[in-house]
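K.L.:
Okay, here's what each chain looks like letter by letter:
Number of protein chains: 2
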Amino acid sequence: METKKVLLTEDEMPRQWYNILADIKMNPPLGPDGNPVTPDQLAPVFPMNLIEQEVSSDRWIDIPEEVLKVLSIWRPSPLIRAYSLEKALDTPAKIYYKYEGVSPPGSHKPNTAVPQAYYNKEFGIEKLTTETGAGQWGSALAFACSQFGLECKIFMVRISFDQKPYRKSLMAAWGGNCIPSPSNETKAGRDILEKDPDTPGSLGIAISEAVEAAVSDESGKTRYSLGSVLNHVMLHQTIIGLEAKKQLEKINEYPDVIIGCAGGGSNFAGIAFPFVHDKINGKDIDILPVEPTACPTMTRAPFAYDHGDTAGYTPLLPMHSLGHTFVPAPIHAGGLRYHGMAPTVSQLITEGIIEPKAVTQLAAYKAGVLCARTEGVVAAPETNHALACVIDEANKAKEEGKEKVILFNWSGHGLIDLTAYDKYLAGELTDFVLSEEEQAESTKILENYPKPEMVKST
Amino acid sequence: METKKVLLTEDEMPRQWYNILADIKMNPPLGPDGNPVTPDQLAPVFPMNLIEQEVSSDRWIDIPEEVLKVLSIWRPSPLIRAYSLEKALDTPAKIYYKYEGVSPPGSHKPNTAVPQAYYNKEFGIEKLTTETGAGQWGSALAFACSQFGLECKIFMVRISFDQKPYRKSLMAAWGGNCIPSPSNETKAGRDILEKDPDTPGSLGIAISEAVEAAVSDESGKTRYSLGSVLNHVMLHQTIIGLEAKKQLEKINEYPDVIIGCAGGGSNFAGIAFPFVHDKINGKDIDILPVEPTACPTMTRAPFAYDHGDTAGYTPLLPMHSLGHTFVPAPIHAGGLRYHGMAPTVSQLITEGIIEPKAVTQLAAYKAGVLCARTEGVVAAPETNHALACVIDEANKAKEEGKEKVILFNWSGHGLIDLTAYDKYLAGELTDFVLSEEEQAESTKILENYPKPEMVKST
Numbered sequence: 232m233e234t235k236k237v238l239l240t241e242d243e244m245p246r247q248w249y250n251i252l253a254d255i256k257m258n259p260p261l262g263p264d265g266n267p268v269t270p271d272q273l274a275p276v277f278p279m280n281l282i283e284q285e286v287s288s289d290r291w292i293d294i295p296e297e298v299l300k301v302l303s304i305w306r307p308s309p310l311i312r313a314y315s316l317e318k319a320l321d322t323p324a325k326i327y328y329k330y331e332g333v334s335p336p337g338s339h340k341p342n343t344a345v346p347q348a349y350y351n352k353e354f355g356i357e358k359l360t361t362e363t364g365a366g367q368w369g370s371a372l373a374f375a376c377s378q379f380g381l382e383c384k385i386f387m388v389r390i391s392f393d394q395k396p397y398r399k400s401l402m403a404a405w406g407g408n409c410i411p412s413p414s415n416e417t418k419a420g421r422d423i424l425e426k427d428p429d430t431p432g433s434l435g436i437a438i439s440e441a442v443e444a445a446v447s448d449e450s451g452k453t454r455y456s457l458g459s460v461l462n463h464v465m466l467h468q469t470i471i472g473l474e475a476k477k478q479l480e481k482i483n484e485y486p487d488v489i490i491g492c493a494g495g496g497s498n499f500a501g502i503a504f505p506f507v508h509d510k511i512n513g514k515d516i517d518i519l520p521v522e523p524t525a526c527p528t529m530t531r532a533p534f535a536y537d538h539g540d541t542a543g544y545t546p547l548l549p550m551h552s553l554g555h556t557f558v559p560a561p562i563h564a565g566g567l568r569y570h571g572m573a574p575t576v577s578q579l580i581t582e583g584i585i586e587p588k589a590v591t592q593l594a595a596y597k598a599g600v601l602c603a604r605t606e607g608v609v610a611a612p613e614t615n616h617a618l619a620c621v622i623d624e625a626n627k628a629k630e631e632g633k634e635k636v637i638l639f640n641w642s643g644h645g646l647i648d649l650t651a652y653d654k655y656l657a658g659e660l661t662d663f664v665l666s667e668e669e670q671a672e673s674t675k676i677l678e679n680y681p682k683p684e685m686v687k688s689t
Numbered sequence: 232m233e234t235k236k237v238l239l240t241e242d243e244m245p246r247q248w249y250n251i252l253a254d255i256k257m258n259p260p261l262g263p264d265g266n267p268v269t270p271d272q273l274a275p276v277f278p279m280n281l282i283e284q285e286v287s288s289d290r291w292i293d294i295p296e297e298v299l300k301v302l303s304i305w306r307p308s309p310l311i312r313a314y315s316l317e318k319a320l321d322t323p324a325k326i327y328y329k330y331e332g333v334s335p336p337g338s339h340k341p342n343t344a345v346p347q348a349y350y351n352k353e354f355g356i357e358k359l360t361t362e363t364g365a366g367q368w369g370s371a372l373a374f375a376c377s378q379f380g381l382e383c384k385i386f387m388v389r390i391s392f393d394q395k396p397y398r399k400s401l402m403a404a405w406g407g408n409c410i411p412s413p414s415n416e417t418k419a420g421r422d423i424l425e426k427d428p429d430t431p432g433s434l435g436i437a438i439s440e441a442v443e444a445a446v447s448d449e450s451g452k453t454r455y456s457l458g459s460v461l462n463h464v465m466l467h468q469t470i471i472g473l474e475a476k477k478q479l480e481k482i483n484e485y486p487d488v489i490i491g492c493a494g495g496g497s498n499f500a501g502i503a504f505p506f507v508h509d510k511i512n513g514k515d516i517d518i519l520p521v522e523p524t525a526c527p528t529m530t531r532a533p534f535a536y537d538h539g540d541t542a543g544y545t546p547l548l549p550m551h552s553l554g555h556t557f558v559p560a561p562i563h564a565g566g567l568r569y570h571g572m573a574p575t576v577s578q579l580i581t582e583g584i585i586e587p588k589a590v591t592q593l594a595a596y597k598a599g600v601l602c603a604r605t606e607g608v609v610a611a612p613e614t615n616h617a618l619a620c621v622i623d624e625a626n627k628a629k630e631e632g633k634e635k636v637i638l639f640n641w642s643g644h645g646l647i648d649l650t651a652y653d654k655y656l657a658g659e660l661t662d663f664v665l666s667e668e669e670q671a672e673s674t675k676i677l678e679n680y681p682k683p684e685m686v687k688s689t
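These protein sequence lines map, in sequence, to chains L and D.
For the numbering used here, count along the first sequence from 1 and bump the result up by 231.
For the numbering used here, count along the second sequence from 1 and bump the result up by 231.
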């Protein structure tokens, strides 16, 4: 029998994360004064041990034993050969995926939620605040906080809060307290509600609220936690790609193409960065982050300095951004509805090391249904975007007659996000493509900020 | 670091199922004429290759290669040491669980859905009908049918259909057609609707509809598929216990206590039967199937001949039964709301080889929340019943000061069944205990049938 899964034992789990800052040069984040942010300025928001990680340029960073212990609930995740999909596509390509849906919350998000909870606990923090869009990140942090005995408060984008009641239930089962954003609990929330009481909310708004809730707690025992974008988040996710590398080595394979969907960038970074290291050192790999046409930060937005949140509480980050007040169309992949892109991922795009792709919602769900009926797993809406790109690449390999090895990250299962499958199957799902006019309008705000330099790493 | 999971490779997957009929004696199923049912009488309902399995007394039955191939999407499932739960309970017991939530539909159900779809396909069948309560079985069969290119029609108990819309979406993603039962598509459904248009439905009714839909298809290309109760279903599930045995051997452990929740019996049988074989051959093990106090077939109902469905289409099976017209209280563990119990499991109870336990809904959810916050996994409502029993046994081990090894089956995750966690956490969940009067009323119907003999196997 063909072997479908390549497994690793817990002993084979990577003991260090890979830090891409050792291999690329970056524009620094800027504070309100226009100067590079100092660690001290971030101290009210994050614990110092995580800030040190955020700015570290050590190539390898040890994964604490206590973190490995919790990760071992579901890690190492399997590497799976998509035989049935290959057959359905009649492609000479070999398709492998890391399946991150095996985690308790069902996505890759706990890979960073767990170390973030751990480092906060170590630093003496008792409560974490965060935001969540579709709910994958909020669930992951609630899970991680329950493992380390921390309180967890989650501001969930209101439209998702209303549409996805199970997400709130899941967070509650782990002891998390999830409320809809904008809320009356923060100034940022109240300001928005005053202007627009019926706002559906956005990730940018929810981040503002969560940051405010953390820094305004006078006990000093509360910090904020972010599920994507920042360097330390990308760092923690590299365990995915490091495992994949070991797994592929076991079967003497090396990828020609690497694919991951990207909202804030952490899922993509997780699978891709350890291979980006190889590419910088001469390997020939196509590395493709995939985004929705409704929120095309990587394929269309300028590389600019912008805030990570709507209220402008965060430092200015060098990133591909549609402007921090941009509210993306209501596509079902909530995790891909973010106005910016991780600075590290953005930097790799500016240097041409990775090549972003954008796919429509319909193409994504078409791919998702095909994969559900071949590989058997019903994917998260975000993953469907990667699947559409995988199918494109497999078809390209067929046209070219090449036995390419395609590796992608199956970021999560879709069991709590099934509504859109119904709509797709009923022919009621629509496509959204950001118009030139909308983009021009939303990116105007970027003119207020300094421009990042076109730094060259290699 | 302590190893949390014991894994097997695909090569180590069992190649044969264990058939308990080789080790126990049973009363035969009876047909409408009061005589033992012949294979020919079952032929309109099931394909002959599965009927042969149903009546086989071979101890070991080969698992077809094509079945192993699909099972390998998620199998072998991990055996996990519940360190965090042990710590929270401060128990000397070592607690291990097989985690069946890793399957695409999220439960143990596809272990039999896949071979059933395979054997039907082999026999030339093109469409399967079935019933589902909470939706785990319907999802599993839709998944399995999509793997073998079969059509799938699912009659879902109306109250669950309305309360759990995601289940229908999941089946649809795999191409399954799920409709609420009772429906107007069958005589059984129409008869019930005429008497009670607002009926919430029941598993017994849905089985009647699914059987009727299969046997009334004049093409002869449709058969019925049952997700529990029957011998061949128990057989297919033994892969769980067989894997667990190998996994425990790897770490030089053997269980003192085995626990599984039981609705129709297949989840329990899956983990327990390979060890029942050992117990019959002299091993000292406590083997505990767990049911809800709302539907106490094993702990209170008589061992009797009864129909498997409400309309009385199925043969009379020798089982612990509350009567085939019994409608259990609306507990959230839909998979445990069945009036009967698998004949094999029932037989073991009559012989005292296994010792059934009953737990209340509140005890089950209390256990579920504790396990979510220690082990990290949010369990299915059904699994919560097993968890309550595991905690009782771990506490008993503590009282006795014994380092017992407890093995249980974590039948599935609760990600599509979260409503009851909300209610539990809000203090709105209630207990149901079947009253003596209700039981007397519901079991009256059993007086119409012959009595099974008290057969002794050992």
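Any given hint could be a false lead.
Repeated chains share a single entry, so a pair holds when one copy, or any two copies, can fit it.
For lysine-lysine, the following DSSO-like pairs were computed, each having C-alpha atoms within a straight-line distance of at most 30 Å [as the list claims (entries may be wrong)]:
no.	residue 1	residue 2
1	K426	K256
2	K358	K597
3	K358	K654
4	K300	K477
5	K477	K588
6	K300	K236
7	K318	K426
8	K481	K236
9	K318	K300
10	K358	K627
11	K654	K597
12	K352	K481
13	K256	K236
If you are wondering where the hints come from, they were derived from the structure by calculation, not from laboratory data.
No experiment lies behind these values; they were computed from the predicted model shown.
K.L.:
Now tell me if each hint is right for this structure.
P.N.:
Evaluation of the provided hints:
1. K426 - K256: neither (41 Å within a copy, 75 Å between copies)
2. K358 - K597: Only across copies: K358 and K597 sit 24 Å apart there, 41 Å inside one copy, limit 30 Å.
3. K358 - K654: Between copies only: 25 Å across, 39 Å inside.
4. K300 - K477: Both. Shortest intra-copy (20 Å) and inter-copy (24 Å) distances satisfy the 30 Å Cα cut-off.
5. K477 - K588: Only inside one copy: K477 and K588 sit 27 Å apart there, 46 Å across copies, limit 30 Å.
6. K300 - K236: both (23 Å within a copy, 11 Å between copies)
7. K318 - K426: neither (54 Å within a copy, 51 Å between copies)
8. K481 - K236: both (11 Å within a copy, 20 Å between copies)
9. K318 - K300: between (38 Å within a copy, 14 Å between copies)
10. K358 - K627: neither (49 Å within a copy, 35 Å between copies)
11. K654 - K597: within (12 Å within a copy, 36 Å between copies)
12. K352 - K481: neither (36 Å within a copy, 35 Å between copies)
13. K256 - K236: Close neither inside one copy (37 Å) nor across copies (40 Å); limit 30 Å.
Going down the numbered hints, you'll see the structure goes against 1, 7, 10, 12 and 13, while the others check out.
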